[in-house]
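Visitor: Residues per chain are reported as follows:
Protein chains: 4
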Amino acid sequence: MDEVFRRLDDIREDLTALYKDLHAHPELSFQEHRTAAEVARRLEALGLEVTSGVGRTGVVGVLRNGTGPTVLLRADFDALPVLEQTGLDYASTQRATAADGSDVPVMHACGHDMHVTSLLGALDLLIAARSRWSGTVVAVFQPAEEIGAGARAMLDDGFLERFPRPDVCLGQHVFPFQSGFVGMMSGPSMSAADSVKITMFGRGGHGSQPQNAIDPVVMASATVMRLQTVVSREVSGDDTAVVTVGSIRAGTKENIIPDQAELLVNIRSFDERVRERVLAAVRRIVRAEAIASGAEREPEFEQLTRFPLLVNDPDATSRTTGALRAALGDHAVLDLPPAMASEDVGLFGSAAGVPTCYWFFGGTEPGRFQRALAEDRVAQEVPANHSPGFAPEIEPTLTTGVKALTAATLEWLA
Amino acid sequence: MDEVFRRLDDIREDLTALYKDLHAHPELSFQEHRTAAEVARRLEALGLEVTSGVGRTGVVGVLRNGTGPTVLLRADFDALPVLEQTGLDYASTQRATAADGSDVPVMHACGHDMHVTSLLGALDLLIAARSRWSGTVVAVFQPAEEIGAGARAMLDDGFLERFPRPDVCLGQHVFPFQSGFVGMMSGPSMSAADSVKITMFGRGGHGSQPQNAIDPVVMASATVMRLQTVVSREVSGDDTAVVTVGSIRAGTKENIIPDQAELLVNIRSFDERVRERVLAAVRRIVRAEAIASGAEREPEFEQLTRFPLLVNDPDATSRTTGALRAALGDHAVLDLPPAMASEDVGLFGSAAGVPTCYWFFGGTEPGRFQRALAEDRVAQEVPANHSPGFAPEIEPTLTTGVKALTAATLEWLA
Amino acid sequence: MDEVFRRLDDIREDLTALYKDLHAHPELSFQEHRTAAEVARRLEALGLEVTSGVGRTGVVGVLRNGTGPTVLLRADFDALPVLEQTGLDYASTQRATAADGSDVPVMHACGHDMHVTSLLGALDLLIAARSRWSGTVVAVFQPAEEIGAGARAMLDDGFLERFPRPDVCLGQHVFPFQSGFVGMMSGPSMSAADSVKITMFGRGGHGSQPQNAIDPVVMASATVMRLQTVVSREVSGDDTAVVTVGSIRAGTKENIIPDQAELLVNIRSFDERVRERVLAAVRRIVRAEAIASGAEREPEFEQLTRFPLLVNDPDATSRTTGALRAALGDHAVLDLPPAMASEDVGLFGSAAGVPTCYWFFGGTEPGRFQRALAEDRVAQEVPANHSPGFAPEIEPTLTTGVKALTAATLEWLA
Amino acid sequence: MDEVFRRLDDIREDLTALYKDLHAHPELSFQEHRTAAEVARRLEALGLEVTSGVGRTGVVGVLRNGTGPTVLLRADFDALPVLEQTGLDYASTQRATAADGSDVPVMHACGHDMHVTSLLGALDLLIAARSRWSGTVVAVFQPAEEIGAGARAMLDDGFLERFPRPDVCLGQHVFPFQSGFVGMMSGPSMSAADSVKITMFGRGGHGSQPQNAIDPVVMASATVMRLQTVVSREVSGDDTAVVTVGSIRAGTKENIIPDQAELLVNIRSFDERVRERVLAAVRRIVRAEAIASGAEREPEFEQLTRFPLLVNDPDATSRTTGALRAALGDHAVLDLPPAMASEDVGLFGSAAGVPTCYWFFGGTEPGRFQRALAEDRVAQEVPANHSPGFAPEIEPTLTTGVKALTAATLEWLA
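Residue numbers (full-length UniProt numbering), protein chains in the order written: chain A, 1 to 414; chain B, 1 to 414; chain C, 1 to 414; chain D, 1 to 414.
Check each hint, because a few of them may be wrong.
Since copy identity is lost for identical chains, a pair holds within one copy or between any two.
To be verified - Straight-line distance between alpha carbons at most 20 Å, and here's what the computed EDC-like set of lysine to aspartate or glutamate pairs gives: (1) 197 - 300; (2) 197 - 3; (3) 253 - 100.
Calculated directly from the structure, the hints in this document are not laboratory data.
Just so we're clear, the structure is a prediction, and the values are computed from it rather than from any experiment.
Turn these sequences into a full structure, and let the hints steer you where they fit.
Guide: Written out as structure tokens, the structure is:
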């Protein structure tokens, strides 16, 4: 394996430059045109069969190398409406027009640039080592992961019919732990996440005459308080769910009772049964609180995003973990508990009916992480994904990401 | 008195034109430059001593007519950021830049245009009838009543020192009841109103990790629910108070816990002791709910506006009521209960230590009002002040307003 | 009138002894057998036509004195389950079995003993002065006022058919203000009061497994918080209502989730429309909060007591007030605002379709009252009705009560 | 091992009779005099060194058998104030005086009678098989487990100094799963449980005058709602905590605002850090809600019971599990997740600084359990501990309990 990895020394400089370029040019979900073009150009240069525009802006590269299983390797490539504050010399200064028409800053605040670079690096190593394996690699560069829509879009665009059907789906995500390490999760691994916009309707009026109005501020506030009981009373201590009202908005003037209120709610769960119970409880409570206020119109629910539960196949994870231990050293492979974060990568495996193994690789400079750990201040000191200060330390993060993907793929194809 | 009123026939056409012009050209608080100039021009034409720029945009006209008492007559002249939807051919299409920099529509949605026109008409009648009275009339055209700042600004600008000190302060407001009628209130008549902006501070975080955040959505919602107890538990059934949270705002994304929440609160009361208890209770509750959430920073309170309680002097009101009964007929003078609405007119009398008498005059077309009354649908069918459909029926509203002011003034000066 | 009142000097000692005896022997609602017997005995001694057992334990005495109108004079005579703590040498040490079977202390904590004594005294004076008036007096000694059931019981027992139909209904209640004074109220004078027992049903379970239970503690608590909005949001500042949850009870063990919760709610109002809106809002909220909790069974509502709104007829009150001013002196007759207290006396007038005039007479020792007033500590220092320390100062309370009833009656019959 | 177990056939009848006798004669915590006497009598008959009155009513038997390690075997023997509704012919009809002086029914609703019987049986088998092992067995019959006080009382009574110091602590609890099976948990296995009585102080008053009172019903209800946020917002999805308000009590009359409210709160956790955060949050919220109400007196907290977290030592559990698999068959030994139930057995091991292994054994008749499982109605159909219908099916529960304890002990001493 060391021999396979040696090729990395030849391409590291190029990959680093690519990473910095991607980082400086982030693009919002389904707007990843520049990124997709660069990916497609490089896949072609590597000799893969390349298809662009899969699921709007997705790119698929197929690398055939004789008979054998098919491994799907997935990297997502969209960025976020966050104003970068890393201070890096390759920091983003990009802005874009968001889906709601507003002008927003854009930043690779979730490390998808590192995912793309690692996958392109791994493909290069696999090609260089093609004599050591046989089978097919399907490299998936997925758009719009951040809004939970990209995997679904690619599948709806005929992905399973148009490209070789995988036997296993692999992928990885950079995360705020020590760079150089990978973290494996088995079974239910990343939470299902449902985002719902709830509009509750009152009746507007003058602030001095509440008796002629139906106050949506009170209605929404009572609802927020009642929603706390979903987790506190309806979810077993053995199960896990989080219900967050991330936004509440009603009214603009102190002396005008507005006519509606809006809640944005995010729901996390690790079990479909729990998820359904929680969603039903949220709907039940919202409707009942509207009744309690005497609302004349039913609340409206709009599903904003839906991320499925990510289940790592225990056997596939065990096998992949073994390969990563061999490749990176036992010490560098951690067992992690399920993460209260969400991903749509699992849809590929679910749709194909094959196992998924998705892991984390660390992105935090080792010294910084160790200091924060010693002081029990990791949450405070280490910028997390989606924060304005989040950016993986390029090395050894990139090397680890390339090696991990390469080794995992070879495990299935060698 | 009929003789005095006869002059109205000569000027009604001009007053009507003036009213329509003012209605079509509303101006926001402290931006009433065009209105002030027109008022000053007319006051000068009537022969009064005119001072402009009192309290930024206010105008004062003094009419001296021999020895005797001094009567202050007050009309306010600012408009509101409301998009007019009356369908009138003289409806406003004006827009202006609000204090917060935003571009807003402007409308005379509170009838101040009718107040100005009525006062100018009354001054004309009083001049025509100057042989019948002696004393001094101080005509006050006040800016910025809508934000509770104009009377204070004029007083702070030396009003009491620069102009003859009044013996009584009179004024009137158009209201959504039958045109042709006036309504008198005695004692505490219009509520004190305090508007407060409250900012509560949590700690932001990812929606999936509430344990690392201090959720301001929950903090603010709990506060709204608790604030309901101020009126339900801390105000006697014999007293009156209204506490309205007109706006609650926190967060923008469903999966991000924001770091603060903002409440806009409006408090009405009819008694200083009740007012102080309510304000203290609001502060106590807000602070305690921040503590309950474990907030690391105290909530902030910003007083947005403050309207004083309007107390009509019972004797002055009784005397004025008698005059209006004589002038308009007994049937046209109603006794009204205190109004849950606010005014800063009372500051003039309080500052001077003299009685105030302030009354309402109806603005709704009689047939429309009677039909609504018969169907018990006044609240639904008759547009109230501040609503986009509010506009007084010009006649007999204007005639009633002019007559009422004239008759009341003559009562004190004849 | 002084001549009429002179008779009081002859009977004061006897009345005082009667009062102390009644005070020492209080009886619960519908258990007033000893009191009723004593009343009947005295009425017979006075020569009235006496009927006992009207509405279970009520007593009616009819005093005919020629042609003329009929005046109903009403005194209630039941006591309360309160442990007397007055320290008086004639304090009650009685106990009784309450309607729920429990053994309770009994006390005349609402002064009905004074009502009985005053009415018997007034009847004596009226008989002594029978040459000065003609007509009929119907003396009503009513049971079970405290539970709002006695007037209804007497009416249901054929009161209007069995006894001369009144032209006016008069009565009085001792109240914690200065003895020697009476207080008059006109129009809506004493609140309607509805008491409701609400049972909310959850599903019991182990405290560690809320997911298998439906928590009635949370359900009831959310309901209490929501009920605060009835007064704060659904009752106009111009109207008056009080909604008090006087008791909440659920569960007995910390680690057992109980299966139901009980709320005892008291609702006061001064207007039938407000009353109906408030009652409907309470029911709506209770039902909705049960739905919000996912309750499997509808909440149950049981009306415990219902006191009607007492409306004093303005003309009858004006006339009676004049008589009391003449009899007691202008200074001794106060105008009082409506009282947030309840009475069923009004049912007699409502049923007969005739005016009611019901007033208060002070029971607090003058010096004590004046000191408390000076210190603004009346609420703290003067024991109110229903408190363990409440007992009218016998004089001048008794004299005032007798005189007031006598003078008021003569006003209608002289 | 089969040979060791054969002895059970000789004593099963006697043990069954003992079990029925214990079941019919349950005793409350620290009142286990009859039970303790019977236990002591039997231990002496078996030839152990017996000490009674350890920790008030506890009994310790020491069985010495040569050199070797010391194994502590613990059975708890108190019962509960529950009215038995099993319908068994040996059902309890006992009553007793509870700590608060009330007369209550008593029932072995938690199976401690089965624990005692199983331990006595195991001691018999161990004595019969004494040639197969060497070392010391300390048999602990603990009082007052139900109130979390017995283990502490025995330790405070010099347990560690007075008796041979254990090398490992073993014990077992009957649980509502299939009889014949045992269930093992490793690591944090049974929750810490803190029970707190909270008294919140308002100011009483008449229900019609809330402005003169401080309403403890509202205060307590707001607190209950806010307490829901402890679990929903302050406990990570990765952690486990349950906060149950099992009882809320305030007031007795609908129209009297009471002066205090009482909450009984039960808190479960699996991690000391989580426990401390939750307890601190509960105290913070209770205090803040008292402040929000303007309470004049601080809330009071009384710790009712405290059960520690039970941590099964992984190595000891692994070793014991192996022994039980060998003795009962692999199929009969289940791996269970941590239980949201609490025990004070762990205090012995903690105090001695040695490992604990505590397991469950099933008590439900196999057919009944299988049917319930098939219908997914275990929670509904199988009576759980502390319920009036809970009683282990004597066989094979007793046999399994004796075998499991015997086999586990031999594992450590053979």
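Visitor: Each hint should be assessed against the structure and marked as holding or not.
Guide: To see whether the hints hold, each was checked on the structure:
1. When the C-alpha separation of residue 197 and residue 300 is checked against a cutoff of 20 Å, the pair qualifies only within one copy, where the shortest distance is 8 Å, while the shortest distance between copies is 29 Å.
2. With identical chains, the CA atoms of residue 197 and residue 3 are never at most 20 Å apart, being 52 Å at best within one copy and 66 Å at best between copies.
3. In this assembly of identical chains, residue 253 and residue 100 lie within 20 Å of each other by CA distance solely across copies; the values are 13 Å between and 24 Å within a copy.
This entry does not satisfy hint 2, going by the numbered hints stated previously; all others are met.
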